[in-house]
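Peer 1: So the sequences go chain by chain: F and H. With the UniProt record's numbering, letter number 445 in the first sequence gets 445, and the count goes up by one each step, no holes. With the UniProt record's numbering, letter number 237 in the second sequence gets 237, and the count goes up by one each step, no holes.
Be a bit skeptical, because a hint or two may be false.
Pairs count within a copy or across copies, as identical chains cannot be separated in the list.
[Unchecked claim] Using 25 Å as the maximum straight-line C-alpha spacing, the simulated SDA-like pairs for lysine to any residue come out as follows:
1) K321 / L252
2) K6 / D73
3) K91 / T60
4) K6 / G153
5) K91 / P68
6) K444 / I22
7) K373 / V106
8) K444 / R4
9) K373 / P333
10) K373 / E69
Quick caveat, the hints were computed from the structure, so don't treat them as lab data. Because the structure is a prediction, the values reported are computed rather than measured.
2 protein chains.
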Amino acid sequence: MAERTKYILDEADMPARWYNVIPDLPEPPPPPLHPGTREPIGPDDLAPLFPQALIAQEVTTERYVDIPEEVQDVYRLWRPSPLFRARRLEKALGTPARIYYKYEGVSPVGSHKPNTAVPQAFYNAAEGVARLTTETGAGQWGSALAFACATFGLECEVWQVRASYDQKPYRKLMMETFGATVHPSPSELTASGRAILAADPGSTGSLGIAISEAVEQAAQAENTRYALGSVLNHVLLHQTIIGEEALKQFELAGDTPDVLVGCTGGGSNFGGLAFPFLREKLAGRMDPVIRALEPAACPTLTRGKYAYDFGDTAGLTPLLKMHTLGHDFIPDPIHAGGLRYHGMSPLISHIYELGLIEALAIGQEDCFAAGVKFARTEGIIPAPEPTHALAACIQEALRCKETGEEKVILTALCGHAHLDLPAYGAYLAGDISDHALPDEVLAKSLAGLP
Amino acid sequence: MAERTKYILDEADMPARWYNVIPDLPEPPPPPLHPGTREPIGPDDLAPLFPQALIAQEVTTERYVDIPEEVQDVYRLWRPSPLFRARRLEKALGTPARIYYKYEGVSPVGSHKPNTAVPQAFYNAAEGVARLTTETGAGQWGSALAFACATFGLECEVWQVRASYDQKPYRKLMMETFGATVHPSPSELTASGRAILAADPGSTGSLGIAISEAVEQAAQAENTRYALGSVLNHVLLHQTIIGEEALKQFELAGDTPDVLVGCTGGGSNFGGLAFPFLREKLAGRMDPVIRALEPAACPTLTRGKYAYDFGDTAGLTPLLKMHTLGHDFIPDPIHAGGLRYHGMSPLISHIYELGLIEALAIGQEDCFAAGVKFARTEGIIPAPEPTHALAACIQEALRCKETGEEKVILTALCGHAHLDLPAYGAYLAGDISDHALPDEVLAKSLAGLP
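Could you put the whole structure together from the sequences, leaning on the hints where they help?
Peer 2: Following this line, the structure appears as structure tokens:
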């Protein structure tokens with residue numbers, strides 16, 4: 001028998017609980033504030049947007065939350081997801097390091113997003129909601145919610161950033177195949193959208209604007225709620241099934257990670273893999289370095305300010321204490337659309353402030369070089385977002401080659417690039433640059449923050 | 001514990017041999033003929049195109065062929081592939097039938113094609129070949145060979161039908177990401193291509209023309225061989241790992257198929273799943289109905305002639321005894337590009353003539369309706385090709401609903417539609433018709449055959 005390529009859990013061994021990291025932290029994260037009163041918000045403030053079950057999960061102090069059987073049933077369409085040992089990449093690099101990747105591209109839409117879309121659709125359906133609204137950029141989150149809504153018989157209405165709506169029709173077609181309605185944002189359908197279009201009829205939109213439109217619609221329309229694909233506590237909670245599975249798979253492998261790397265946009269992919277390992281670290285059962293990777297074009301953790309800011313452009317959301325570049329910051333149009341968010345999960349931000357994780361920003365050229373190397377050795381063409389983590393992983397493996405260290409590296413491969421292939425085309429044609437954020441642009445954007 | 005959604009084999013249980021159905025048939029298939037002498041061709045006739053190992057596999061009478069360890073090592077990047085029980089589809093249909101699907105979309109390129117691309121690249125590399133040429137239509141086969149060549153350090157040169165090259169840039173980008181060179185066909189690079197362009201400078205190409213270009217290049221260029229993605233015995237041999245795995249998975253499920261449905265273009269997906277079950281049927285160990293599904297636009301088995309014909313347009317290949325619509329037949333541009341081949345695997349054709357399998361042609365509207373229903377229940381958006389089998393599967397399940405029969409249906413889900421989403425867009429917009437082949441067009445095309 002050859003050495004193993006992948007570690008697969010049986011369906012019966014799929015974790016039946018999500019993990020909430022908050023009770024294990026030395027102190028709790030600062031609460032969201034009402035923008036008018038600047039007092040901590042309560043459940044009633046969130047009720048127009050979210051069902052009670054999700055509001056309860058947002059603020060729970062329980063360490064574990066049971067995964068409903070109906071959600072597990074849908075998860076089993078692709079979960080448990082595989083943990084791979086990247087033997088062919090290791091060989092190509094000539095490194096003594098052992099590289100593992102947890103692959104979420106096996107989901108119906110090709111990323112980790114359905115891990116939270118499915119429970120969000122389930123809890124809304126269970127409370128009688130008929131329709132969900134959301135925003136999406138490149139479309140990973142929108143297609144995940146479209147799939148989840150199809151599964152539980154909900155209508156799904158998506159505002160997609162117009163630049164992506166026009167340039168990336170495949171994601172829109174995926175959402176429509178799952179039965180969703182997709183609008184380009186800004187749209188004439190909401191006051192937020194109309195205000196933007198009045199000021200700039202040719203606006204190509206932004207994630208912050210699309211959030212404003214979806215939130216506004218959910219707050220006003222009957223029997224309609226809003227769903228967010230990252231940033232919030234309950235979203236990260238749902239994603240912890242990734243890390244819980246990975247822990248079991250490392251047991252099968254008889255190995256323990258020394259370094260864990262994941263990319264961060266809103267933080268849900270990173271948190272999903274990292275939090276269960278952070279629990280083990282805090283309990284003294286292992287001691288991995290945990291490292292967040294972000295694009296140099298949108299360096300929230302490494303160069304943003306830790307301050308209260310809005311989650312959207314129009315200022316309709318509560319104020320969140322997070323690392324932010326300013327809620328009207330619009331990053332360069334890098335291909336890693338999922339990492340182009342001005343803020344960061346408040347929970348990840350808090351954990352970063354506590355010194356429990358590291359962060360590093362990286363340019364686009366190294367990312368795509370890593371993506372191509374990975375594709376040609378491991379066969380999977382990684383989405384632009386996780387190439388940030390892969391580039392860091394390869395750097396670490398090459399350091400090991402110099403030092404001779406047999407480090408164990410774990411990376412979150414949160415999706416494939418089937419619908420992002422033009423990004424690889426641009427890289428192969430030499431049309432990718434690093435897009436590092438200029439100091440003066442950053443300073444100007446941060447100046448507006450408290 | 002809930003009922004199982006999928007049956008996963010451990011890597012250690014991956015079959016280590018391919019199955020050759022020929023020795024188990026009541027009579028062997030008619031041999032390929034040299035177009036000049038009309039005598040059976042020998043190994044020397046194939047040597048300019050294929051390595052010795054593959055020529056030996058093309059004519060072997062051994063029942064089993066060992067899978068080289070190097071090939072198994074690459075297979076393990078995605079194999080064993082899952083066998084799913086389509087419980088959510090069953091529930092939506094309200095059928096007492098039990099529906100299973102063997103899913104090949106988990107491969108790096110999203111289809112079953114790498115099952116043969118990998119061994120083809122391996123045997124060529126082992127015999128010192130430096131470069132492979134091939135043709136591709138929509139691009140599934142070209143991207144599989146590009147991936148396989150990257151794995152074994154071979155150059156890969158692909159002639160892609162110009163209509164697809166222009167309309168479906170994502171597949172070309174995938175091939176290029178794996179390191180392949182892609183030419184639109186017809187091209188100025190070959191005599192075959194130049195002849196077509198001289199007659200019709202605006203030619204958008206065909207699979208037959210692209211085969212001519214790739215074969216011509218392989219026969220002339222140094223240290224270069226040709227690779228074919230379907231039709232031939234060795235290709236179907238490699239694909240039998242699908243059926244061998246499925247047999248083991250049915251043992252895990254404690255079930256036995258009554259009906260097996262698969263789509264047929266060149267025949268490799270269908271043969272790959274069906275042949276191991278046909279062995280069991282011939283040995284009296286089970287008795288499934290085995291049914292091939294083809295598009296009404298290209299009804300090779302159901303309306304073609306069983307005759308000796310060329311595999312390509314220019315007449316560069318040996319003559320193959322097969323069900324054919326004529327080697328210059330150009331089917332309507334249906335979205336199931338993989339089913340638009342004028343001929344059929346000689347082995348499948350022979351088995352059909354022996355009465356061991358059934359065949360049925362189906363229109364495009366039923367196919368896409370089945371694809372959408374499947375996506376919204378099972379989460380996977382099926383490639384246009386396997387929607388033919390899914391439509392038949394759903395018909396069978398609905399018959400069971402009427403009769404109350406608890407039939408067990410197995411279908412080959414050979415790939416996903418991530419790079420075919422515009423086809424779903426056309427269906428949702430009402431722009432899909434059945435494309436049944438008119439009698440007079442068929443009669444004219446068949447008139448040229450012996």
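Peer 1: Hint by hint, say whether it matches the structure.
Peer 2: Checked hints:
no.: 1; hint: K321 / L252; in the structure: neither (39 Å within a copy, 51 Å between copies)
no.: 2; hint: K6 / D73; in the structure: both (23 Å within a copy, 11 Å between copies)
no.: 3; hint: K91 / T60; in the structure: neither (45 Å within a copy, 35 Å between copies)
no.: 4; hint: K6 / G153; in the structure: between (35 Å within a copy, 23 Å between copies)
no.: 5; hint: K91 / P68; in the structure: between (42 Å within a copy, 19 Å between copies)
no.: 6; hint: K444 / I22; in the structure: neither (34 Å within a copy, 74 Å between copies)
no.: 7; hint: K373 / V106; in the structure: both (20 Å within a copy, 20 Å between copies)
no.: 8; hint: K444 / R4; in the structure: neither (51 Å within a copy, 56 Å between copies)
no.: 9; hint: K373 / P333; in the structure: within (23 Å within a copy, 35 Å between copies)
no.: 10; hint: K373 / E69; in the structure: between (40 Å within a copy, 23 Å between copies)
The structure does not agree with the numbered hints 1, 3, 6 and 8 stated previously, though it agrees with the rest.
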